[in-house]
Amino acid sequence: MLEEMLKNVREKSPLIHNITNYVTVNDCANVVLACGASPIMADDQEEVAEITSICTGLNINIGTLNSRTIESMLIAGKKANELHHPVVLDPVGVGASTLRTQTALKLLDEIQFSVIRGNISEIKTLALGSGTTKGVDANIADKVTKENIKEVVRFAQEFSRKTGAIIAITGAIDLVCNKEKAFAIENGHAMMSSITGTGCQLSALTASFISANPAHLLEATLAAVCTMGLAGEMAHTRLTRLDGNASYRNYIIDAIYNMTPQQLQEGAKYQEVLF
Amino acid sequence: MLEEMLKNVREKSPLIHNITNYVTVNDCANVVLACGASPIMADDQEEVAEITSICTGLNINIGTLNSRTIESMLIAGKKANELHHPVVLDPVGVGASTLRTQTALKLLDEIQFSVIRGNISEIKTLALGSGTTKGVDANIADKVTKENIKEVVRFAQEFSRKTGAIIAITGAIDLVCNKEKAFAIENGHAMMSSITGTGCQLSALTASFISANPAHLLEATLAAVCTMGLAGEMAHTRLTRLDGNASYRNYIIDAIYNMTPQQLQEGAKYQEVLF
Amino acid sequence: MLEEMLKNVREKSPLIHNITNYVTVNDCANVVLACGASPIMADDQEEVAEITSICTGLNINIGTLNSRTIESMLIAGKKANELHHPVVLDPVGVGASTLRTQTALKLLDEIQFSVIRGNISEIKTLALGSGTTKGVDANIADKVTKENIKEVVRFAQEFSRKTGAIIAITGAIDLVCNKEKAFAIENGHAMMSSITGTGCQLSALTASFISANPAHLLEATLAAVCTMGLAGEMAHTRLTRLDGNASYRNYIIDAIYNMTPQQLQEGAKYQEVLF
Chain A
0 MLEEMLKNVR EKSPLIHNIT NYVTVNDCAN VVLACGASPI MADDQEEVAE
50 ITSICTGLNI NIGTLNSRTI ESMLIAGKKA NELHHPVVLD PVGVGASTLR
100 TQTALKLLDE IQFSVIRGNI SEIKTLALGS GTTKGVDANI ADKVTKENIK
150 EVVRFAQEFS RKTGAIIAIT GAIDLVCNKE KAFAIENGHA MMSSITGTGC
200 QLSALTASFI SANPAHLLEA TLAAVCTMGL AGEMAHTRLT RLDGNASYRN
250 YIIDAIYNMT PQQLQEGAKY QEVLF
Chain B
0 MLEEMLKNVR EKSPLIHNIT NYVTVNDCAN VVLACGASPI MADDQEEVAE
50 ITSICTGLNI NIGTLNSRTI ESMLIAGKKA NELHHPVVLD PVGVGASTLR
100 TQTALKLLDE IQFSVIRGNI SEIKTLALGS GTTKGVDANI ADKVTKENIK
150 EVVRFAQEFS RKTGAIIAIT GAIDLVCNKE KAFAIENGHA MMSSITGTGC
200 QLSALTASFI SANPAHLLEA TLAAVCTMGL AGEMAHTRLT RLDGNASYRN
250 YIIDAIYNMT PQQLQEGAKY QEVLF
Chain C
0 MLEEMLKNVR EKSPLIHNIT NYVTVNDCAN VVLACGASPI MADDQEEVAE
50 ITSICTGLNI NIGTLNSRTI ESMLIAGKKA NELHHPVVLD PVGVGASTLR
100 TQTALKLLDE IQFSVIRGNI SEIKTLALGS GTTKGVDANI ADKVTKENIK
150 EVVRFAQEFS RKTGAIIAIT GAIDLVCNKE KAFAIENGHA MMSSITGTGC
200 QLSALTASFI SANPAHLLEA TLAAVCTMGL AGEMAHTRLT RLDGNASYRN
250 YIIDAIYNMT PQQLQEGAKY QEVLF
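Protein chains in written order, with numbering that gives the first Met the number 0: chain A, 0 to 274; chain B, 0 to 274; chain C, 0 to 274.
You may find that some hints are simply not true.
Distance windows between CB atoms, simulated [to be verified]:
#1 A189(C) / K268(A): 44 to 50 Å
#2 E265(B) / K11(C): 52 to 58 Å
#3 K268(C) / T239(A): 22 to 28 Å
#4 T259(B) / G163(A): 56 to 62 Å
#5 T259(C) / T259(B): 37 to 43 Å
#6 H83(B) / R240(A): 52 to 58 Å
Here are the simulated BS3-like pairs of lysine-lysine, each with C-alpha atoms no more than 30 Å apart in a straight line [unchecked claim]:
#7 K145(A) / K161(A)
#8 K149(C) / K161(C)
#9 K6(A) / K78(B)
#10 K11(A) / K78(A)
#11 K78(B) / K105(C)
#12 K6(A) / K105(A)
#13 K11(C) / K145(A)
#14 K142(A) / K6(C)
#15 K180(B) / K149(B)
#16 K78(B) / K11(A)
#17 K142(A) / K149(C)
#18 K178(B) / K77(B)
#19 K178(A) / K149(A)
#20 K6(C) / K105(C)
#21 K78(C) / K105(A)
#22 K11(C) / K77(C)
#23 K11(B) / K11(C)
#24 K6(B) / K6(C)
#25 K11(B) / K77(C)
#26 K180(C) / K77(C)
#27 K180(B) / K11(A)
#28 K105(B) / K78(A)
#29 K105(B) / K145(B)
Pulled from the structure, derived: some chain B residues nowhere near chain A, Cβ distances all over 10 Å [stated by the list, open to error]:
#30 S12
#31 V22
#32 T23
#33 N25
#34 H83
#35 S120
#36 K149
#37 A189
#38 E218
#39 R248
#40 E271
Keep in mind that the hints were calculated from the coordinates and are not lab data. Glycine residues also receive a C-beta, built at the ideal position from the N, C-alpha and C atoms.
This is chain A alone, in the form it adopts within the complex:
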């Protein structure tokens, strides 16, 4: 199944509109290219609706948001919804400032997202802030473990039910779920957190995968998460004694570029979470 997801990205080469932060934007563009899609970065209010219209999918990342780009995110998101384009939200650092929290909640309010991807703290902040967790125990820990995974899945599925979006929570164990189905993924390497922007890159990758597989959003998101994690593993085996986080960054993107659908299929370590 994952095999097909990656094949479709390579074959269809969807054009992805990214409104993203200036810290990791170059890596995001190169990751989109590495998986076989094409990136466009544009964030001016005057052009985002038109740019989104010529694209297949939209990726919104609030990493270095400002008043100018927040407005652009809203315009682009609404246009994408109107055109039924898949839209990803990466709520970078939500909870770290009122501006981030309010912006993320406003985006949730006004835009229908296909996928929301963040770490557990970001997703918790969003879910609590948006008041969607009533009746759900949101006092889950800030780390997903084998012990608390079912609890986190229940929480994420409740959030998925309220938002209509697939929820992707990434960390040592990654979770991908919609309201009905949930997968736990164990690909990846701890050293990925020593590179800036692996999360941003995954969001851009996810936008590429779901845009090429619009009828299989859950599987496409799962495939994107496995691709990123597997690339992190493959890149890690390549590190020499002198390599550090900068070379690792390059090797991960390289690994995505070289990954075959078969490698993804064989290397993906995921399983459905069953209750």
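Once you have looked at the hints, place chains B and C on chain A.
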């Protein structure tokens, strides 16, 4: 001839003012350094005239334009014209939005460019939008081939006549021409299109070359295009089985850094297009 | 001593707020991670005070300043002062435009900096512009040499006295001083100047080191300068015949990632400047 062009960049180390996009700006700065010139990036309206004044050349790239930076481009371009500094235009994505098209046309209207560099679609959009192609068959294909090259050259030379700028059209076959003379270049590698920003990098490189060779703008542009393509070839021979687009990006800049004038002279694959 | 400084960065992993330019921001983030600290980049006026409040230190870099971000720098700097967080100023290109000079002087006026890091020209411009050098011979050369080093130290110490900040002047020979003590550092490699942003990276590194060692600001700054220079040396030994400035950039960050406190202690080449 090309030998001299690169030698002059290394000897004079011209300071290049870049108003460019935030996606590929770091690569542009490192490419300018790799060829022997020095970069300054500055885009605030309050300072661009002064910054341009202390530089030797200006590179304007509309990749992530916004209302603030568009104004800065106009101010800097006019100041550069006043000081007779060479100016490059990279009309990234022109045609993808009204804002891009109108901005590029306004820039063309108000600034005298020394070189306009883009892919064939961008140059066509510009030429048609600026109404300069009357009487010229602009229904050329979106790809330059051995079959249609003379047609594309006629079109580009007409655009050069109207704008007074050297036109550089890059793709599988690159074209560099002024109204009188045209060169076709066959350096480069298809994999370069899997890296974000090789076009932006070439524009920054072109600004460096023409600034160091103000009396030989056509040859300097040709040298920049050959340098970029040859670097793409040399870097490609260096790729291992595990390398992908991220390592390739680094290797291309490395190859420019290490390229000797003699290597450029010997590796450049260009010929004049004669009618 | 330097050993401890690096150990503390790794153990405490301070969160560093960076308001910096979009050219080298990704490298700054990866360098902060490489040394063991954590970066946040945020520059909107609405959130910088809150972001600075959750961080341990602040790094202000005026490389691509604009009216929006200048205001953010002032807000964040004042908040950091209020909270007694260490603050670094990197006055990139001060003197190249009135906007840069006036902004840097305004920042100096309104914010108490812990460390000001720049090249000799930048520091001279700042010192002269701020009128702090009265009675001091500021006609020092634009290069620090073994011959003029005492003269430069006297000048830098006078500036330190006026600003209350540690002054770090980097070049072939680096200087780090407060009003009482001065160190000359001979780590580094000339090729570092062929990479964009090694100065910016050092400022981000300095913010990381002083935030983890608040009781030893001078030693922490010295340690950061030695770390950057030593990484430049170690990375240089790793270069192959085909590597250029792009690979060198990666290798330097890699070297910081892999540097042990003991390596720093043994590789640091500094001595106190005594009168």
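Outcome of the hint check:
1. A189(C) / K268(A): 44 to 50 Å: Check passed, 47 Å falls within 44 to 50 Å.
2. E265(B) / K11(C): 52 to 58 Å: holds (55 Å)
3. K268(C) / T239(A): 22 to 28 Å: holds (26 Å)
4. T259(B) / G163(A): 56 to 62 Å: Holds - the Cβ-Cβ distance for T259(B) and G163(A), about 59 Å, lies within 56 to 62 Å.
5. T259(C) / T259(B): 37 to 43 Å: At 38 Å between Cβs, range holds.
6. H83(B) / R240(A): 52 to 58 Å: holds (53 Å)
7. K145(A) / K161(A): holds (25 Å)
8. K149(C) / K161(C): holds (18 Å)
9. K6(A) / K78(B): Judged against 30 Å, a Cα distance of about 50 Å means the pair is violated.
10. K11(A) / K78(A): Satisfied, since the Cα-Cα distance of roughly 22 Å is no more than 30 Å.
11. K78(B) / K105(C): Given that 30 Å is the threshold and the Cα spacing comes to 27 Å, the pair holds.
12. K6(A) / K105(A): Outside the cut-off at roughly 35 Å; violated.
13. K11(C) / K145(A): holds (28 Å)
14. K142(A) / K6(C): holds (26 Å)
15. K180(B) / K149(B): holds (12 Å)
16. K78(B) / K11(A): The hint is violated at about 45 Å.
17. K142(A) / K149(C): Violated. K142(A) to K149(C) sits at ~54 Å, over the 30 Å cutoff.
18. K178(B) / K77(B): holds (23 Å)
19. K178(A) / K149(A): holds (13 Å)
20. K6(C) / K105(C): violated (35 Å)
21. K78(C) / K105(A): holds (27 Å)
22. K11(C) / K77(C): holds (24 Å)
23. K11(B) / K11(C): Cα-Cα ~47 Å, so violated.
24. K6(B) / K6(C): violated (46 Å)
25. K11(B) / K77(C): Distance ~43 Å between K11(B) and K77(C) Cα, so the pair is violated.
26. K180(C) / K77(C): Holds, at about 27 Å.
27. K180(B) / K11(A): violated (39 Å)
28. K105(B) / K78(A): Holds, at roughly 27 Å.
29. K105(B) / K145(B): violated (33 Å)
30. S12: holds (25 Å)
31. V22: Violated, because the least Cβ-Cβ distance between V22(B) and chain A comes to about 5 Å, which does not exceed 10 Å.
32. T23: violated (6 Å)
33. N25: Contrary to the label, N25(B) does not stay out of reach of chain A, its closest Cβ about 6 Å off (not over 10 Å).
34. H83: At roughly 31 Å from the nearest Cβ of chain A, H83(B) sits farther out than 10 Å, so the non-interface label holds.
35. S120: holds (12 Å)
36. K149: holds (30 Å)
37. A189: Non-interface label on A189(B) holds, nearest chain A Cβ at 13 Å vs cutoff 10 Å.
38. E218: Consistent with the label, E218(B) stays out of reach of chain A, its closest Cβ about 32 Å off (over 10 Å).
39. R248: At about 7 Å from chain A, R248(B) fails to clear the 10 Å cut-off, so the statement is violated.
40. E271: holds (34 Å)
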